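S.K.: Sequence:
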Amino acid sequence: MKLKELERQAVQVWSPASQYPVYLATGTSAQQLDASFSTNGTLEIFEVDFRDPSLDLKRKGILSASSRFHKLIWGSFGSGLLEGSGVIAGGGDNGMLTLYNVTHILSSGKEPVIAQRQKHTGAVRALDFNPFQGNLLASAASNSEIFIWDLNNLSVPMTPGSKSQQPPEDIKALSWNRQVQHILSSAHPSGKAVVWDLRKNEPIIKVSDHSNRMHCSGLAWHPDIATQLVLCSEDDRLPVIQLWDLRFASSPLKVLESHSRGILSVSWSQADAELLLSSAKDNQVFCWNVGSSEVVYKLPTQSSWCFDVQWCPRDPPVFSAASFDGWISLYSVMGRSWEVQQMRQADKISSSFSRGQPLPPLQVPEQVAQASLIPPLKKAPKWMRRPAGVSFAFGGKLVTFGLPSTPAHWVPQPCLHPVFISQVTTESEFLMRSAELQEALGSGDLLGYCQNKIQQVSQQSEKMLWQFLKVTLEQDSRMKFLKLLGYSKDELQKKVATWLKSNSGLDESPQPKGDDLNSNSLQAFRTQASKHTTEDVSASSTFFDELVPQNMTPWEISITEDTDGLLSQALLLGELGPAVELCLKEERFADAIILAQAGGADLLKKTQERYLAKKKTRVSLLLACVVRRNWKDMVCSCSLQNWREALALLLTYSGPEKFPELCDMLGTRMEQEGSRALTSEARLCYVCSGNVERLVECWAKSHQASSPMALQDLMEKAMVLNKSLEVMHGPGGVSPGPATTYQVTQYANLLAAQGNLATAMSYLPNDCAQPQIQQLRDRLFHAQGADVLGQQSPPFPFPQVIVGATPNSEEMSSCKLGFQPCHQVPTPSTKPRIFTPQSSLAMPLAPSHSGPYQGFRMQNIRDYRVPEPQIAQSLLLGPGVRPGPPDPLKNAPAPRADLQRRQVPETFMSPAPITAPVMSLTSEPQGILSSQPPVPRGGHAPPGAPGELGLQQQPPEKVDRKDLPPEHQSLKTSFEVLLQRCFQSATDLKTRRKLDEATQRLECLYEKLCEGTLSPPVLAGLHEVARCVDAGNFEQGLAVHAQVVGCSRFSEVSSFMPVLKALLTIAHKLHI
768 MKLKELERQA VQVWSPASQY PVYLATGTSA QQLDASFSTN GTLEIFEVDF
818 RDPSLDLKRK GILSASSRFH KLIWGSFGSG LLEGSGVIAG GGDNGMLTLY
868 NVTHILSSGK EPVIAQRQKH TGAVRALDFN PFQGNLLASA ASNSEIFIWD
918 LNNLSVPMTP GSKSQQPPED IKALSWNRQV QHILSSAHPS GKAVVWDLRK
968 NEPIIKVSDH SNRMHCSGLA WHPDIATQLV LCSEDDRLPV IQLWDLRFAS
1018 SPLKVLESHS RGILSVSWSQ ADAELLLSSA KDNQVFCWNV GSSEVVYKLP
1068 TQSSWCFDVQ WCPRDPPVFS AASFDGWISL YSVMGRSWEV QQMRQADKIS
1118 SSFSRGQPLP PLQVPEQVAQ ASLIPPLKKA PKWMRRPAGV SFAFGGKLVT
1168 FGLPSTPAHW VPQPCLHPVF ISQVTTESEF LMRSAELQEA LGSGDLLGYC
1218 QNKIQQVSQQ SEKMLWQFLK VTLEQDSRMK FLKLLGYSKD ELQKKVATWL
1268 KSNSGLDESP QPKGDDLNSN SLQAFRTQAS KHTTEDVSAS STFFDELVPQ
1318 NMTPWEISIT EDTDGLLSQA LLLGELGPAV ELCLKEERFA DAIILAQAGG
1368 ADLLKKTQER YLAKKKTRVS LLLACVVRRN WKDMVCSCSL QNWREALALL
1418 LTYSGPEKFP ELCDMLGTRM EQEGSRALTS EARLCYVCSG NVERLVECWA
1468 KSHQASSPMA LQDLMEKAMV LNKSLEVMHG PGGVSPGPAT TYQVTQYANL
1518 LAAQGNLATA MSYLPNDCAQ PQIQQLRDRL FHAQGADVLG QQSPPFPFPQ
1568 VIVGATPNSE EMSSCKLGFQ PCHQVPTPST KPRIFTPQSS LAMPLAPSHS
1618 GPYQGFRMQN IRDYRVPEPQ IAQSLLLGPG VRPGPPDPLK NAPAPRADLQ
1668 RRQVPETFMS PAPITAPVMS LTSEPQGILS SQPPVPRGGH APPGAPGELG
1718 LQQQPPEKVD RKDLPPEHQS LKTSFEVLLQ RCFQSATDLK TRRKLDEATQ
1768 RLECLYEKLC EGTLSPPVLA GLHEVARCVD AGNFEQGLAV HAQVVGCSRF
1818 SEVSSFMPVL KALLTIAHKL HI
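Adding 767 to a residue's 1-based position in the sequence shown gives its number in the numbering used here.
Just so you know, not all the hints are guaranteed correct.
[As the list claims (entries may be wrong)] 27 Å max Cα-Cα, derived DSSO-like pairs, lysine-lysine: (1) K1164 with K1256; (2) K769 with K967; (3) K1021 with K1146; (4) K1836 with K959; (5) K1146 with K769; (6) K1399 with K1383; (7) K1490 with K1230; (8) K1383 with K1373; (9) K1250 with K1262; (10) K1065 with K1149; (11) K1761 with K1828; (12) K1828 with K973; (13) K967 with K939; (14) K1836 with K1761; (15) K1256 with K1425; (16) K1739 with K1761; (17) K1761 with K973.
Hints are computed from structural coordinates only; laboratory data are not their basis.
In this text, all values refer to a predicted model and were calculated from it rather than measured experimentally.
My request is simple: use the sequences and hints to build the entire structure.
M.R.: Okay, structure coming up:
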């Protein structure tokens, strides 16, 4: 995407990364002339403000120059001072080097020219500031001249080495090493690059292509690896970019080929070492991924050559391109279509021509719109990647990754980045109470559990609730509920007896005298009769039954016309109804009730109703409830202050069928009409009715924002009540409602978040079909790993969708199989889950147990028929290894692709759960398994620096050694057969000498194989090379060779890898 543009025939340079705002300096190019043929030069500085939507740049400073520029470079020297913006160095014709003070150019105050030096002969085309010491400036021109200037003392520059190079050449590019401050390199048109060591003041190595067609036009060091650099060729016969590694300088490590004509410039991103810019004579600007050797971004074809591209040091996605048509454009690799820019330009032109009237819409040809699309980057650049990260995972796991604790220059490239998985526990008391509840539920000792709760709680309402819950687990619960409410039959009888005894003397009334005589006569008769024997009583019982007592006063029947007389007549006639009416009218309620009992149930019921309607006392309503047994009306109309008495009535009189419903009605009324205290007491009604759902709903009303401890308190009560229902109705008698299901799900999620996966799963109802329960059960089951070994897998909780298949496809069946839930759980690893990703070639490891989902994922990969070469590469090569052409890997044996996760040592101790906030993450957890080779910490060699041995090391003398291990015998066989075939085909003496040297050097490889000193990645790479040799694919063998070299230590492979590469190269040239 184009961001800005500037019409200038000029060379360019960005301000340093430390400079803000961002500036772009331009100097009139010495390589171009305008229509006036003017030779005047101008140095301008523009502010780059991306907040401004226009394409124009704002000029902040301008200065006339005595000559035009071949090269501009902006250094940060002096920028640390007050109002300091650094120094611009410009290289001109006739060896002129000019230094400018940027601050003075911007302010237009003091003299901006710091110094001018004319020490070079010819045009100064190469400049570079040292990235470590800003006062050191390197300049180069014709006749192989290189000067090192100290900005603190410009009188005498330093020259690296003597001018012994013959013939002398122009120097097209100059660059300081980005890792080692005393290393400098220069590129020459003859196709070679010279690397200088300024400590020794001499060149240490020269690299050049043997094709003699490489005309170097650009040079750039790798931002991270000290020994790698790129060279580009401007020769149209060889328009390539070569990546060199100085450790193996016999040939390029990699060649980038996509340009069709010579390459004019390259620029390596300092923010992401994988991105490299290039511009060429084919009017193309490419952005390469150096690791994969592919073009990941490109601009539309330009109208003319782009002679210079540069990344912006401060804004990583921005780069500038200067072209010979007189335009400098700024782009972003975070690309999108050009349509926005086109519409912006069209609107700008329309505003100039409209004159107040709208113009007709612009009709853009379809092919132009299609060609304007710019593909975005396929991979997120490094500046957008997180150097460290942390995320919580299911089950209370904390997953972290970050930068390695070992400094980067101590670790061989590429380094490993461990991922740590820790268990986080934040609710210790919650887990302790949950464990107590789980133990009580498992052992069945819920009575003891409830008793402990009664003793522990201090709030009276909670104590009462736990007492009720305890009673639900006991026999004869209704009578015990009454006792808890304060009503006991035994105590009532004692109280009534005491009251009767204390009031017996006051209640006695005098009886008629005749009655006393009758009583005395009866007593005398009974005493006399008791003197008979048992046999006499049995024989004369009839006689005494018919005997009329003597001396008894006879009673009379009233026949008067008053109430008694009428009542007597009604009784004599058997008219009990009128008799009851007379008694009720005279308020003789006791006589009416007695007569009604003799008249039948209907008469008794009517009499009771009349009595209850007329008699109004404090207990009459209670009597009416007991007599009528209309408990529903009592529950709906009684005062809520007497909820205890109402609950006691239900416990005493209500039948088992209606009792739960009536208790729920009373509890609901207490919740809706009562105060907050009554709402809390309503829980007792739900405990009596055994309604877990209503108990949970009542709890939820008073705990809107539930804490873990409050939820634990609810689950304790709900589980105890549910257990009592299981005892009463059986295990499957009661199914949970939505409120209970929700709270159980919350509780299980909370347990899982603390790491108690098995306990969380035990609380989920087995036969619940609600989706959230099934999904949580499936997740808990598969998260437990080995803990669910042998158990039945729960049903798959999501709808199954077949992706990427058609009804007529032969792969439909395999796809279906790939998505079926597995009912046999694989045996997962029982070791702690600590994962360290591999970053190099790996040998087949010992079989290890896979995780619960591993087989499922691998089945999906096979079902979707992902191309085999990509599978092999992803498994054989780590993230830091460069993959080669995939074709020869199609025939790779299956065991090599069946890589498993590394085993953790048996002695590994799982780290303790994290129970407090982590204040420092500087130290790594103990016990992490690492495959990194030991690195000496005494030195500070940069990544990729040469180790102990050099390229010119002589082969060691042959010594007696052991036989090759059987698994490596194939290596010797393959290489010796290749040597013999090369000897037979080689005709020139030089090639035969190289083959003789290869025969000697390969003995070093065989010796290391016998001693077992080679690392598994190197061994895997050697076997891969041998397979390529056997297949006759030497290009792939060279690619694998480069991969092994890039990820191994120099001291380990330097004795045999160079000669192995030479052998493969010879075989390829001879077409073996």
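S.K.: If you draw a straight line from the CA of K1836 to the CA of K959, is it 27 Å or shorter?
M.R.: The given pair, whose Cα atoms are some 23 Å apart, holds under the 27 Å limit.
S.K.: Can you confirm whether the C-alpha distance between K1256 and K1425 stays at or below 27 Å?
M.R.: holds (23 Å)
S.K.: Given the hint that K1828 pairs with K973, does the C-alpha gap stay at or below 27 Å?
M.R.: holds (19 Å)
S.K.: Given the hinted pair K1761 and K1828, is their alpha-carbon gap at most 27 Å?
M.R.: Holds. K1761 to K1828 sits at ~11 Å (cutoff 27 Å).
S.K.: Holds or violated: K1065 and K1149, Cα atoms, limit 27 Å.
M.R.: Holds, at about 18 Å.
S.K.: Are the Cα positions of K1164 and K1256 separated by 27 Å at most?
M.R.: violated (58 Å)
S.K.: Are the Cα atoms of K769 and K967 separated by 27 Å or less?
M.R.: violated (46 Å)
S.K.: Assess, step by step, whether the Cα of K1383 is no farther than 27 Å from the Cα of K1373, and give holds or violated.
M.R.: holds (17 Å)
S.K.: Next pair to validate is K1739 with K1761; report whether the Cα-Cα distance is within 27 Å.
M.R.: Distance of about 18 Å is within 27 Å: holds.
S.K.: Would the hint linking K967 and K939 be met if the CA-CA limit is 27 Å?
M.R.: holds (23 Å)
S.K.: Against the 27 Å threshold, does the CA-CA distance of K1250 and K1262 hold or violate the hint?
M.R.: holds (15 Å)
S.K.: Hinted pair, alpha-carbon criterion (27 Å max): K1490, K1230. Please report holds or violated.
M.R.: holds (19 Å)
Checked against the numbered hints given earlier, this structure breaks hints 1 and 2; the rest are met.
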